[in-house]
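Visitor: Here's the letter readout for the chains.
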Amino acid sequence: MINIPFSLKIVVKPLLVLALLITVSLVGFSRGLYQIGSLRQESVAANKSQNILKSKLDMLISNEINVAADANYAVSFLPGENPALLVLYQLRSSAASSGLLLSNFKVGSEMKNAGGFMTVSISFNVEGSLSQILDFVNSIKAISPNVWIAKTELDFTGETLQAVIDTKSYWSPFPTKIPALTEPVTSLSSAEKEIIFNVSSLSQPSFVSLTPGAPRENLNPFGE
Amino acid sequence: MAKINLLPPDLGPNASVLKLLNLAKKAAVVIGLAFFIFGALFIGCIVFLRVQIQASAKRAEGLKSSITALKGTEQTLYLLKERTGKIKELLAKEIQEQPLTGSSSILLNYPGVTLTQVTASLGKINISAGSQKTGDLNSFFENILSDNNYKSIKLVSFSYNPKTGYLFSLELNLK
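So the protein lines, in turn, are chains A and B. Residue 1228 in the working numbering sits at position 86 of the first sequence; the count goes up by one each step and never skips. Residue 935 in the working numbering sits at position 98 of the second sequence; the count goes up by one each step and never skips.
Chain A extracted, bound-state conformation (with noise of 0.2 angstroms):
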């Protein structure tokens, strides 16, 4: 059998114990730190999506009123679809405004461009003096939806003016996904603000639209 000093034996004892101490101690000290950091790093994210969402809110309160009117100017100005029958109508009402007949109109086919626009070109066929069709021509930059026009041609060896105007129209399909409900959304910038000012003064194309009517009596079903 092995003979320990009796110093030895009355010392290892304490000190293991001691540094079992101290071992518990540090890993429940880093344990400890780790915890709250990470504790306190979801802490932070909470704040800050707790933030967004607040100031998301705040901002649609904000924008509540105006944002649907506005959106309609937009949307009219840049339509999410073939615009060429509203083109053709606001031409017409323009046209009309300016002393002017519009014939022969033709629609060409859709066509894709760069940066997802769509376009569609009209041309037509006017006649009256220079000065109305210079007036009309003019007109045309002040409608909803987008008109531009890519050529006239004025030929003057007949009796009276007569004008064949090719125009185009850009459309752009609508987003379909809207960002998360935590997504931050930014207010209108004063750039965007100008843009919707300038496309509201524009002229609107208005329809009139027919409520269908109650269904009524018919007091004699076999009369005339």
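I should point out that these hints are in silico values taken from the structure, not numbers from a laboratory. Note that this is a predicted model, so its numbers are computed, not measured. Some hints could be false.
Pairs of lysine-lysine, BS3-like flavour, derived with a Cα cap of 27 angstroms [stated by the list, open to error]:
(1) Lys901/B <-> Lys1190/A
(2) Lys1293/A <-> Lys961/B
(3) Lys1283/A <-> Lys988/B
(4) Lys856/B <-> Lys925/B
(5) Lys925/B <-> Lys1283/A
(6) Lys1248/A <-> Lys1310/A
(7) Lys908/B <-> Lys1196/A
(8) Lys1155/A <-> Lys856/B
(9) Lys908/B <-> Lys925/B
(10) Lys1335/A <-> Lys1310/A
(11) Lys1293/A <-> Lys1012/B
(12) Lys1254/A <-> Lys930/B
Starting from the known structure of chain A, fit chain B onto it as the hints suggest.
Guide: Chain B in isolation, oriented as in the chain A frame:
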């Protein structure tokens, strides 16, 4: 009372071992105390942070439900921003000024000059016209030359016939 030790002195621990044991005892007390103090602090901190996170999550849920109630506004606002971005792109792409509008003064004031055909396309106007008198022709050309709207003016054709007078065509490139 005097201390009585009946054991032989060489059997007892020596002074350095006793000192070491004493030191170990003190260290154990300090470490134990620190363990309990820091442990309590850590637990307090963890509980506080958990409560804070839970409260934050609860507030976020409330805000989310309020935002969901305004979903229509959010969608409209998103569409509005998307449209204004596209309109900005479109306005940068297309030239708003119609070539004919800028040249109306030339087309409308042409005494003695008969226009036969005018074609205006992107940045360019082609004019075909005729005149009986050289003086009228001169004033027409002078009028065009003094106009600052044009980058270049090209006389594409020019002819004279005693019956029809002067016939010419111009190509005006806009600035």
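Visitor: None of the hints should be skipped; say for each whether it holds.
Guide: Each hint, compared with the structure:
1. Only pairs whose Cα atoms come within 27 angstroms are accepted, and lysine 901/B paired with lysine 1190/A is accepted, the gap being roughly 14 angstroms.
2. With a C-alpha separation of about 10 angstroms, the suggested pair lysine 1293/A and lysine 961/B falls inside the 27 angstroms cut-off, and the hint holds.
3. A hinted pair counts as satisfied when its Cα atoms are at most 27 angstroms apart, and lysine 1283/A with lysine 988/B qualifies at roughly 24 angstroms.
4. Annotation: proposed proximity of lysine 856/B to lysine 925/B is violated, straight-line Cα distance about 85 angstroms (limit 27 angstroms).
5. Taking the CA atoms of lysine 925/B and lysine 1283/A, the gap is near 15 angstroms; set against the 27 angstroms cutoff, the hint holds.
6. Our distance criterion of 27 angstroms between C-alpha atoms is met by lysine 1248/A and lysine 1310/A, whose separation comes to about 11 angstroms.
7. A hinted pair counts as satisfied when its Cα atoms are at most 27 angstroms apart, and lysine 908/B with lysine 1196/A qualifies at roughly 15 angstroms.
8. For the given pair, lysine 1155/A sits about 15 angstroms from lysine 856/B by alpha-carbon distance, which is consistent with the 27 angstroms threshold.
9. Taken as a hint, the lysine 908/B and lysine 925/B pair is honoured in the structure, with Cα atoms around 26 angstroms apart against an allowance of 27 angstroms.
10. At roughly 26 angstroms between alpha-carbon atoms, lysine 1335/A and lysine 1310/A fall within 27 angstroms of each other, so this suggested pair holds.
11. Of the supplied pair hints, the one linking lysine 1293/A and lysine 1012/B holds, its CA atoms being roughly 17 angstroms apart against a limit of 27 angstroms.
12. At roughly 15 angstroms between alpha-carbon atoms, lysine 1254/A and lysine 930/B fall within 27 angstroms of each other, so this suggested pair holds.
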